[in-house]
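S.K.: Using the hints, position chain W against chain E.
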Amino acid sequence: MTKVEVESLKEIVMENRLQGLWRLMRGFRGIYLAAALAIGLAAISRTAFYFLLRYFIDEVLGQPGMGRVVPLIALGFVALALVQGAFTFLSGKLAARTAEGVALRLRDYLYDHLQRLTFAYHDKTPTGELIQRATSDVDALHRFFGEQAIGVGRIVLLFIVNWAALFWLNVQLALISVVLVPLIVVVSILFFRRVSAAYEAFQEQEARLSATLQENLSAVRVVKAFARQEFEQEKFGADNGEMYRRGRRLLLMHAAFWPISDILCGIQMLAGFLAGALLAIDGTITPGDYLAYAGLLIWVIWPIRNLGRFIVQMSTGLVSFSRVAEVIRQEREPLLAGSYVPPDHVQGHIAFEDVSFAYAGGSGEEAPALQGITFEARPGQVVALLGFTGSGKSTLVNLLPRFYDYTEGCLTLDGVDLLAYPRAFLRREIGIVEQEPFLFSRTIRENITYGVDRAVSDAEVEAAARAAAIHEVIVSFPEGYSTLVGEKGVTLSGGQKQRVAIARTLLKDPRILILDDATSSVDTETEAAIRTALRRLMRGRTTFVIAHRIQSVMSADLILVLEKGRIVQQGRHAELLAVPGPYRRIYELQSRVEEEVAREVERAAVPA
Amino acid sequence: MSDVEFQEEEFTTEFNGRTFLRIVAQVRPHWPLFVGFLVMISLASLLDAYFTYLSKRIIDEGIVAGNREALLRIVATYGALIVVQAGIVFGFISMTGLLGERVRFDLRKRLFDHLQDLSLSYFNRTPVGWIMSRVTSDTNRIAELVTWGLLDITWGITNIIAATYFMLSINWRLALIVFAMIPVLVVVAAEFKKRILTEYRVVRRMNSRITGAYDESIMGVRVTKALGREAANLDEFQELSSAMYRSGYRAAWLSALFLPAVQLISAFAVGAVIWYGGLQAQIGAMTIGGIQAFFAYITFMLWPIQEMARVYASMQQAIASAERVFSLIDAVPEVADRPGAVDPGSLRGDVAFRDVDFDYEEGKPVLRGFNLRIRQGETIALVGPTGGGKSTIVNLLCRFFEPTRGTVEMAGRDYTELTLHGIQSRIGIVLQAPHLFSGTIRDNIRYGRLAATDADVEAAARLAGADAFIQSLPLGYDEEVGEGGNLLSVGQKQLISLARAVLADPEIFIMDEATSSVDTLTEALIQQGMEALMADRTSVVIAHRLSTIRRADRILVIEAGRIAEMGSHAELIQARGHYYRLYTQQFRQELEASYEQAEHDPGLAPVG
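Which chain is which? The protein sequence lines are E and W, in order.
Residues in the first sequence are numbered from 1 upward in steps of one, following my numbering.
Residues in the second sequence are numbered from 1 upward in steps of one, following my numbering.
Do not rely on the hints blindly, as some may be mistaken.
[What the hints assert, rightly or not] What follows is a set of in silico ranges between Cβ atoms, one per label pair, in the way DEER data are often shown: (1) E/F477 / W/V128: 27 to 37 Å; (2) W/E239 / E/I160: 40 to 50 Å; (3) W/Q586 / E/F477: 28 to 38 Å; (4) E/F231 / W/Q586: 36 to 46 Å; (5) E/R245 / W/P333: 23 to 33 Å; (6) E/V579 / W/N124: 54 to 64 Å; (7) W/T404 / E/R208: 34 to 44 Å; (8) W/N124 / E/V475: 24 to 34 Å; (9) E/F231 / W/R373: 30 to 40 Å; (10) W/N124 / E/G480: 56 to 66 Å; (11) E/E59 / W/Y50: 54 to 64 Å.
Derived by calculation from the structure, the hints in this document are not laboratory data.
The beta carbon of each residue, even a glycine, is placed where N, CA and C say it ideally should be.
With the rest of the complex left out, here is chain E (with noise of 0.2 Å):
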């Protein structure tokens, strides 16, 4: 495996979007700034077209021996075509590097900051909003830099360059050709602001409309049960009718601009070619100059009315940026830092010492989740975890592997306090199985081998996955090892998952292990199956196990009863159930039940 560095993009996270976009930009500073250079040159090719041909309406046509230079004088349109097209081209490619790579440079560096920020961070961020920002956020970006930008770039300089060439031709008309353009750039910008918050309001209905869709296709059953269809007809045809409505605003917004622009853009030019045939009239410029101006006029004008398009859509990647930026600003986990780093593995002495924890961003008068837990785990023990949903099980295993971690209090392994391990560390000695794992869509056997970065021989996961029950299942599979998980390939069941899972942790053989004991929900031979699986999995690593049903614990090394983020109770199982308490009560209530089982029967057996 390479070691991939991605360059940090920290840097970006600035009060002043402007100066961050810039900051992004770096590495293609240059290349941009050549983009626009050669958007420069080619507007100054188009620009000496117009001349090319002054020259030839008045020094070439009609003269004698025309007919030698007309042929130079075709090439030269030919070449300065050329011209332009090379800069054109450039233009195009050097800013397309630049935007490609600076999206390239963002979906690296945040799909590697999302794996890395804490779990606080992604608790509190829905998956759908972090997803959005990587990548619709990042599109914006791109057609910043892509379109946006270098299509202002090339509005003002398209005007700057022709109308500079307008007062080499003739002051006067320079002046009266941009009577109207600022009025144009304001009804422009006027319109299109105008228009993209319209184009909101119809985005707005749009969902709406596809929210009562869905809504009604999922409840199909509902309408048909109570044989509601005209209602939802009607309820539809409503929203839709809204879109209509909102769609014809937009359009007739449309409909008034382009002529109101057209008339403008028209004037102004009709105006330049009065004033310039007036002048050529006069005598004042040649006929070939009026054929110039009036070919430059047009690239004055023209683009002008655009410039309101890119300017509003500039305002919707700079909100972008800042979607980026905010996801950008957040702290990484820090995985490597650490004070201590054993030679070899660990031995796994765990040891909590009035051990408290509180979630960070608490309004701090709630109780902490975790508060005054003390107990040790010597090497090789188990310890199982009981109480209710909510009572700080999970909360205290999320310690050990530095998910989160501890506020208050002294926790060590192998007596050096955990926040010295770097974290990297200790979750290769730390292997976690839970209720329903997560497995990724690749094949099966990628799955298994997902946590060791090392090569593995087939003979090894097969070993592992006949250790974890899972062998005989694979294999049914068509694919074998190869079949894939999830949408594309096979729905694993939860138990089969978690043997899968059990499978890569035997793969990555870790010192301390966390297991989540659920198995209710699955029938007693898959129970049986796992039972055994696990078993092997626990020997010789200190195991914690989140247990959920008295069985799982009674051959426990030491059971933590907990309420409320306290130990109520702890021991072996003969210990605590010598003494009255809440684990004697738990286990009496399962024992109760089997007697009510039997009594329900026997009354139900004798008819009332």
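M.R.: For chain W alone, coordinates are given in the frame of chain E:
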């Protein structure tokens, strides 16, 4: 869903004339708009061509001739026509846009209305996402084709015709020389666009894979952290993102090359105009204005040719969209009213299944020779393993499906002789996962009987045991339930759907009990609501709760599409068969759960 979309992107058909005609037929109700915009765009194009001709006359008749009066006359005409043109532009934008919105509206309405008529079997085999795309994006593509697509085509054709006409009339020999470049342009443009489109398709595919990678990475972040897979994951992601970079960059620079390439080819035409036009001018067969006009007309022909490939590609896409949309419109409801079907007026009386066979898929029978008579007012509990056929019996009873063989009798007749509305409006059904619609609680209960007063709604809620919790909400009955009711708990949703069924006051009541556990109090309320509904009403319950099962008049154990056992609770317990095993197992589980709950919240005594 992303996968479905992506297959659609791949979907390109050959040009299908019949589908095309059917698409065009969508505009029939709005034919004045259709004809209007086609005429308008043709006029606009002709006028554009005429503007160029006027520019030529400014030069030839004004400047070169030195005639101020002629100049002013031409400029005045030009100015007037600019205003006319603005009017035409307003006309075609508003007409085309309006037509587009109308067609969209019509198609959406037609699809939605048709969806209400389709049978449940259609929704069972068609993913919601697929249907959603038909109603949203496909209708858009079709509307785009009959509006802007046809507009582009008409505009292109008129442009070419107009430019051809004016060029031929200015100088036909030169015009023929210019025409020689057209085939070259067409070929180059088509080749370019083909490649660019292919490349963008790759980009889109990469994009959806990247989104998938983000999704999986965030969903599996716990596993990644636990296994320390960050570096390897990033490595894999970088392969994806670099591939995206390569194809995105390639697509972008190919696009950037397209315009210069087309312009370069046209530059040869410009060169030819200069060369040959210059020589013609010498003998008086060509004016300066004529030369300029030729430049403009070359651009005129250039645009449509340039756009041709894009328009063709989107046309293909629209046709593919239309085929999918039409396939939905053409789908025939499998369960529909027979000719001469009558409304029975009442469903009172026995319900009987006679020798019913049923399969969802051919060759996979679910029910075989099923016979059952449910007496008026009787309560039947269906129990048995998943996939045994319980839901199928309910589906047949509601006539969501009809028997493959045999009959179901209601009101003394084969129910296929009755109208669907007549049956379904008299059946009340409460589903396992209750579906609510966005809106208030009141709206949702009223769904059962649209004409109900507020007092009726509240009375129904009281009867169903839902009133207490509704009153405890800040806004009471006016509380919003959220999309699909997701602001409420499962238990609360069940209570509301019970109230909805109570309000509907059905003659037959059907309930699919939820398997997920709700808290004891809610459970008791749900029981109360069910009792209210089942009292002297023919009721069929897919039962999971023992209390419900015990209360039934008859219990049917359904296994493998047959009645394995039938009788009262006491009879079946005595028989010590399937039911006995199911019952004791479940009794044990319920007892354990209730103890756990009692332990958790000592204020509530265990039920059972």
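S.K.: Would you mind marking each hint as holding or not holding in the structure?
M.R.: Hint check results:
{"no.": "1", "hint": "E/F477 / W/V128: 27 to 37 Å", "verdict": "28 Å, holds"}
{"no.": "2", "hint": "W/E239 / E/I160: 40 to 50 Å", "verdict": "44 Å, holds"}
{"no.": "3", "hint": "W/Q586 / E/F477: 28 to 38 Å", "verdict": "33 Å, holds"}
{"no.": "4", "hint": "E/F231 / W/Q586: 36 to 46 Å", "verdict": "39 Å, holds"}
{"no.": "5", "hint": "E/R245 / W/P333: 23 to 33 Å", "verdict": "31 Å, holds"}
{"no.": "6", "hint": "E/V579 / W/N124: 54 to 64 Å", "verdict": "57 Å, holds"}
{"no.": "7", "hint": "W/T404 / E/R208: 34 to 44 Å", "verdict": "40 Å, holds"}
{"no.": "8", "hint": "W/N124 / E/V475: 24 to 34 Å", "verdict": "32 Å, holds"}
{"no.": "9", "hint": "E/F231 / W/R373: 30 to 40 Å", "verdict": "34 Å, holds"}
{"no.": "10", "hint": "W/N124 / E/G480: 56 to 66 Å", "verdict": "32 Å, violated"}
{"no.": "11", "hint": "E/E59 / W/Y50: 54 to 64 Å", "verdict": "31 Å, violated"}
Checked against the numbered hints above, the structure breaks hints 10 and 11 and satisfies the rest.
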